[in-house]
Amino acid sequence: GENVEQHPSTLSVQEGDSAVIKCTYSDSASNYFPWYKQELGKRPQLIIDIRSNVGEKKDQRIAVTLNKTAKHFSLHITETQPEDSAVYFCAASSPGSARQLTFGSGTQLTVLP
Amino acid sequence: GAGVSQSPSNKVTEKGKDVELRCDPISGHTALYWYRQRLGQGLEFLIYFQGNSAPDKSGLPSDRFSAERTGESVSTLTIQRTQQEDSAVYLCASSRPRLASGNTIYFGEGSWLTVV
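Protein chains in written order, with our numbering: chain F, 1 to 113; chain A, 1001 to 1116.
Since the hints were derived computationally from the structure, they do not count as laboratory data.
Be aware that a few hints might be false.
Stated by the list, open to error - Below, simulated DMTMM-like cross-link-like pairs (lysine to aspartate or glutamate); rule was C-alpha separation at most 20 Å, straight line:
1. F:K37 <-> A:D1063
2. F:K42 <-> A:D1024
3. F:K42 <-> A:E1109
4. A:K1057 <-> F:E2
5. F:K22 <-> F:E5
6. F:K71 <-> F:D49
7. F:K42 <-> A:E1044
8. F:K37 <-> A:E1109
Said to hold, decoys possible - To be clear about the criterion: a stretch of chain F counts as covered by chain A if any three or more of its residues have a C-beta under 8 Å from a C-beta of chain A, and this derived list gives those stretches:
9. 67–80
10. 104–110
Stated by the list, open to error - Simulated DEER-style distance windows between Cβ atoms:
11. F:E83 <-> A:S1073: 20 to 26 Å
12. A:Q1041 <-> F:E79: 27 to 33 Å
13. F:S12 <-> A:Q1041: 36 to 42 Å
Beta carbons are placed, not taken as given, at the ideal position from N, Cα and C, and that holds for glycine.
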C-alpha cells in the first residue's frame, strides 16, 4: 500500500521567514495530495491541495509543488506569521487504495515572534 | 448539516466499560473515515466506509473495536472493554467519492475519549 514520509517532524522559523515541509510517497498511481493544518485542540483543516495534472499551486502565502517523477511534494509558506504555528499533515490518495488517503506523520511548525 | 458532526465531544469512562462514538457526515458524502489521534501524535487510520461497505478493516487496533454505518449516513464506532491506551481523540471525516475528481475530506471536531 501507499507509504507517505514527512520531514521535518519539527520546524522553527522566525516571523517573516519562509517554511518548507517535504513529503515523499511510494505509490506512483497516487493522484491527489492535500495538506492539512491542525491547531492545538482543533480538527485538521484543508489548507491547499494539488492534483497530479499540475506541478504547482499557490494560494496567497501558501504554495504546494509536486514532482511526480521523484514522487515528492512540498508545502511552502512565505512571510510566516505566529498564527501559522500548528501541526501540518501531508497526505496522498491512490485510486487503488482501500484506505483512500494516507497521511504523513506531521510537522510541528513554530513561528517565533 | 453544514459540517461533520460527532458526539459525544468528550467522554470519560472507566476501564472495562464499552463506549459508542457517533459520526454524522456531511449530507451527500458517501465516503466516511475514522481516525484515532493520541496526544501529540499523528492520524492513525482506523476504517473507511464507501456507503455502508468497509473495504479495509485492517486499521482497527483489535477485536475490541468495531464500526458500523447505516446506508450513507450515520456511523458508530464502538470500543468494548476500554483500556487506558484507548484514550485519544477519535476523528471522523467524510467526502464525496473519487478524491482526485475535485473532492476533499472534511473532518469533524472529534470525540475526546479518556479512560480512567
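**OP:** Could you check the structure against the hints above and give me the numbers of any it violates, in ascending order?
**Re:** 1, 9, 11, 13
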